Amino acid sequence: MHSASFAEWIIAGFTTKARAASIIGDLLEAVPEKGRLWFWLSVARVFFSLTWRRPLAYVAAMGIVLCWVRAFRFTVFGRPSSFAVLTQQWMQQYLHVLVANSLLSVAFVYTAIVYGPEDPFVRRIAIVWILFEGLIFFGTTPGVALACVLLASCAIVYSLGSATGRRGLLAIGITAVLSFAWTKLANPFLAMTFVGFHAGWMVFLTHAGPYLSPFSRMILQLVELFTLTLIYSGIHRLFFEKNSRSSDNEAPDRAQVSVDIS
Amino acid sequence: MRPTPTLGEFEQIVLLAILRLDDTAYGATIRTEIARCTRREPAPGALYTTLDRLEEKGLVRSQMGDPTPERGGRAKRFFTVTKLGLSAVRNAQRSFQSLLKGLKLLEGTNA
Numbered sequence: 001m002h003s004a005s006f007a008e009w010i011i012a013g014f015t016t017k018a019r020a021a022s023i024i025g026d027l028l029e030a031v032p033e034k035g036r037l038w039f040w041l042s043v044a045r046v047f048f049s050l051t052w053r054r055p056l057a058y059v060a061a062m063g064i065v066l067c068w069v070r071a072f073r074f075t076v077f078g079r080p081s082s083f084a085v086l087t088q089q090w091m092q093q094y095l096h097v098l099v100a101n102s103l104l105s106v107a108f109v110y111t112a113i114v115y116g117p118e119d120p121f122v123r124r125i126a127i128v129w130i131l132f133e134g135l136i137f138f139g140t141t142p143g144v145a146l147a148c149v150l151l152a153s154c155a156i157v158y159s160l161g162s163a164t165g166r167r168g169l170l171a172i173g174i175t176a177v178l179s180f181a182w183t184k185l186a187n188p189f190l191a192m193t194f195v196g197f198h199a200g201w202m203v204f205l206t207h208a209g210p211y212l213s214p215f216s217r218m219i220l221q222l223v224e225l226f227t228l229t230l231i232y233s234g235i236h237r238l239f240f241e242k243n244s245r246s247s248d249n250e251a252p253d254r255a256q257v258s259v260d261i262s
Numbered sequence: 001m002r003p004t005p006t007l008g009e010f011e012q013i014v015l016l017a018i019l020r021l022d023d024t025a026y027g028a029t030i031r032t033e034i035a036r037c038t039r040r041e042p043a044p045g046a047l048y049t050t051l052d053r054l055e056e057k058g059l060v061r062s063q064m065g066d067p068t069p070e071r072g073g074r075a076k077r078f079f080t081v082t083k084l085g086l087s088a089v090r091n092a093q094r095s096f097q098s099l100l101k102g103l104k105l106l107e108g109t110n111a
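Chains G and B are the protein sequences, given in the same order. Per my numbering, the very first residue in the first sequence carries number 1; after that it's consecutive. Per my numbering, the very first residue in the second sequence carries number 1; after that it's consecutive.
It is possible that some hints are incorrect.
[As the list claims (entries may be wrong)] Chain G side only, calculated, beta carbon under 8 Å to chain B, not exhaustive:
#1 A21
#2 S42
#3 L50
[Claimed, not checked] Here are a few chain G residues that sit away from chain B, every Cβ distance over 12 Å (derived from the structure):
#4 I24
#5 V31
#6 L56
#7 C154
#8 V223
#9 L238
[Claimed, not checked] List of simulated lysine-lysine pairs, DSS-like, C-alpha gap at most 30 Å:
#10 G/K17 to B/K83
#11 G/K17 to G/K34
#12 B/K101 to B/K83
#13 B/K57 to G/K17
#14 B/K83 to B/K57
Since the hints were derived computationally from the structure, they do not count as laboratory data. Source: prediction; values computed, not measured. Using N, Cα and C, we set each Cβ at its ideal position, and we do this for glycine too.
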């Protein structure tokens with residue numbers, strides 16, 4: 001059944017090859033009894049169940065960025081006195097924090113929907129995101145800024161104490177560097193690819209250069225957001241998708257099972 | 001030792017089916033066992049995502065078997081319930097038992 005190989009190829013795009021093969025094998029076993037239509041309907045249902053979270057997460061991540069930008073305009077930009085304490089040099093750093101925070105917002109919303117709130121990657125991103133939010137919205141108050149920096153330092157020191165913590169810290173660091181690099185460096189490349197000329201800087205939040213049409217800007221932002229979600233999925237796969245090998249995962253004794261369920 | 005996680009209804013059904021099947025628990029047999037015992041055919045998508053989730057939580061463990069011809073040379077993925085999984089099922093069933101106590105529901109008096 002050549003079409004089964006095609007079905008396996010589709011499913012393997014969203015899970016491991018071994019798992020895809022076993023799923024298709026399971027469905028093939030029932031084909032003599034249930035027919036080909038059932039097989040393809042089942043493949044479609046498996047495909048849907050493996051993929052539905054990603055487009056939802058993508059749309060939600062896009063929505064959170066838009067909401068965040070509006071919230072920022074109405075709160076921080078709404079009280080310009082907040083910036084009086086910032087020198088020109090600090091203002092530049094503040095803008096970097098803004099970009100980093102928008103990327104963290106995308107990372108948090110996307111990973112929380114795809115992997116669930118209990119995922120270790122999601123929890124680590126959430127902590128960093130909350131600290132950044134504190135810095136952005138209340139950072140001009142020295143006490144709050146100091147508290148955020150102290151909490152971040154404590155979290156880093158605590159993470160360095162265990163192998164899992166160090167791996168999580170490394171994952172967050174790579175996420176931050178790759179996201180920032182992609183946003184800063186890839187925008188001109190994207191602009192050239194899709195629009196045909198150098199678009200300049202900061203496509204991500206609001207600016208895409210004065211020469212872009214709203215449609216081109218939207219396409220660039222969607223492509224950029226999509227590639228960011230691919231980066232986050234890749235980092236999650238690399239750092240957090242290994243099965244636990246602790247003693248809790250050992251199979252129980254046969255005798256114990258038979259007594260318990262009898 | 002990690003804390004015992006709570007289980008959803010379908011997660012309990014899948015874990016119990018794996019325990020019933022013992023050595024022969026893989027996707028197709030789990031689906032058949034659930035259909036036989038509950039008289040409901042589980043959706044394939046729901047079954048496989050639940051199995052993956054249970055494995056991520058450390059409640060089941062899987063290992064690949066040998067390829068067989070009726071599956072087009074594809075290997076079966078056999079599942080076993082871990083100690084943590086067994087503990088989670090036991091806790092869930094105890095909760096059900098204490099809720100059922102005094103109801104006489106299974107004798108049909110309240111039906």
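Okay, the hints, checked on the actual structure:
1. A21: 4 Å, holds
2. S42: The hint holds - G/S42 has a Cβ within 8 Å of chain B, the shortest such distance being about 4 Å.
3. L50: 7 Å, holds
4. I24: It is violated; G/I24 is separated from chain B by about 6 Å at its closest Cβ, not greater than 12 Å.
5. V31: Given a closest Cβ separation of 9 Å, the condition is violated.
6. L56: 14 Å, holds
7. C154: 24 Å, holds
8. V223: Label holds. Min Cβ-Cβ 29 Å, cutoff 12 Å.
9. L238: About 16 Å separates G/L238 from the closest Cβ of chain B, which puts it past 12 Å; holds.
10. G/K17 to B/K83: 28 Å, holds
11. G/K17 to G/K34: 25 Å, holds
12. B/K101 to B/K83: 27 Å, holds
13. B/K57 to G/K17: At roughly 21 Å apart (the allowed maximum being 30 Å), G/K17 and B/K57 satisfy the hint.
14. B/K83 to B/K57: 12 Å, holds
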